[in-house]
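Chemist: Given next are the chains, with one letter for each unit.
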Amino acid sequence: GAVVSQHPSRVICKSGTSVKIECRSLDFQATTMFWYRQFPKKSLMLMATSNEGSKATYEQGVEKDKFLINHASLTLSTLTVTSAHPEDSSFYICSASRGTGDSGEAFFGQGTRLTVV
Amino acid sequence: QKEVEQDPGPLSVPEGAIVSLNCTYSNSAFQYFMWYRQYSRKGPELLMYTYSSGNKEDGRFTAQVDKSSKYISLFIRDSQPSDSATYLCAMSDPSDSWGKLQFGAGTQVVVTP
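Residue numbers (the numbering used here), protein chains in the order written: chain A, 431 to 547; chain B, 1191 to 1303.
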């Protein structure tokens, strides 16, 4: 199977600080990774599409300067929440696609629960 | 109007019953259809995926896609308490980035012993 590892699973930070979340594809090369945000009892909201070696594509309404995405290799993408505020508290999930084959499925990490105090 | 509509539930069924879930969508460009299961505070887990119209069966799970009606379904036979989770439908357009998905709201399922 395709395994995606996300770290940390939970983080608490002080308001004004920055937090980095890592997303790794463990057994395949991910040409594209995606970052989602999920509010309690709500569906996943796509924040941005991350392509290896190029700038991320952000969805409308997502602040690119606040949510910095780096996809430096085919197995690692990072999301940095800069100058975090309590309203940034949420569940962040990454997914990765192999970008090949005959299906468009994506594989998800375990998610990161961010709490900003 | 959302591109993908899914009743959020909750849907409560007794153990052993068939769970029936469905989604409707408006974008005729969607070709790949997936069902994910998500336990509380965990990442979604891929259960089933289908390409275009048709049925697919895997153990207790059956996925159906009717593109003419823009309607997809997931059936879970012989439901167990461990099936209690949120089930999300997702779909993708082949002309879009590989793996870029549009999700339904998710249906919370509760299987009671």
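These are calculated hints, taken from the structure and not from any lab test. Yeah, the Cβ is synthetic: ideal placement off N, Cα and C, and Gly gets one too. Do not rely on the hints blindly, as some may be mistaken.
What the hints assert, rightly or not - Okay, derived cross-link-like pairs now, SDA-like style, lysine to any residue, Cα gap no bigger than 20 angstroms in a straight line:
(1) A:472 / B:1300
(2) B:1290 / A:521
(3) A:496 / A:438
(4) B:1246 / B:1260
(5) A:450 / A:472
(6) B:1290 / A:438
(7) A:494 / A:445
(8) A:471 / B:1202
(9) A:494 / A:515
(10) A:472 / B:1295
(11) A:471 / B:1284
(12) B:1232 / A:481
(13) B:1260 / B:1232
As the list claims (entries may be wrong) - Only some residues are given here: those of chain A computed to face chain B with a beta carbon under 10 angstroms:
(14) 476
(15) 497
(16) 538
Chemist: State for each hint whether it applies.
Modeler: Checked hints:
Between residue 472 of chain A and residue 1300 of chain B the alpha-carbon distance is near 17 angstroms, which keeps this suggested pair within the 20 angstroms criterion. For the suggested pair residue 1290 of chain B and residue 521 of chain A, the alpha carbons sit about 19 angstroms apart, so the restraint of at most 20 angstroms is met. A hinted pair counts as satisfied when its Cα atoms are at most 20 angstroms apart, and residue 496 of chain A with residue 438 of chain A qualifies at roughly 19 angstroms. A distance of roughly 17 angstroms separates the Cα atoms of residue 1246 of chain B and residue 1260 of chain B; the hinted pair therefore holds under the 20 angstroms criterion.
This hinted pair does not check out: residue 450 of chain A and residue 472 of chain A have alpha carbons roughly 23 angstroms apart, beyond 20 angstroms. In summary, the hint linking residue 1290 of chain B to residue 438 of chain A is not supported, as the alpha carbons are separated by about 23 angstroms, beyond the 20 angstroms threshold. At most 20 angstroms may separate the alpha-carbon atoms for a hinted pair to count; residue 494 of chain A and residue 445 of chain A meet this at roughly 19 angstroms. Restraint check for residue 471 of chain A and residue 1202 of chain B: satisfied, since their Cα atoms lie roughly 16 angstroms apart, inside the 20 angstroms limit.
Proximity of residue 494 of chain A to residue 515 of chain A is assessed by CA-CA distance (about 15 angstroms); at most 20 angstroms being required, the pair is judged to hold. Pair hint residue 472 of chain A plus residue 1295 of chain B holds up; C-alpha atoms about 6 angstroms apart against a cutoff of 20 angstroms. A hinted pair counts as satisfied when its Cα atoms are at most 20 angstroms apart, and residue 471 of chain A with residue 1284 of chain B does not qualify at roughly 29 angstroms. Annotation: proposed proximity of residue 1232 of chain B to residue 481 of chain A is violated, straight-line Cα distance about 24 angstroms (limit 20 angstroms).
The straight-line distance between the Cα atoms of residue 1260 of chain B and residue 1232 of chain B is roughly 29 angstroms, outside the 20 angstroms bound, and the hint therefore fails. Satisfaction of the interface hint for residue 476 of chain A is found here, the shortest Cβ-Cβ separation to chain B being roughly 7 angstroms, below the 10 angstroms cut-off. Taking 10 angstroms as the C-beta cut-off, the interface hint given for residue 497 of chain A is violated, the closest approach to chain B being about 17 angstroms. The interface hint given for residue 538 of chain A holds, since its Cβ lies 4 angstroms from the closest Cβ of chain B, which is under the 10 angstroms cut-off.
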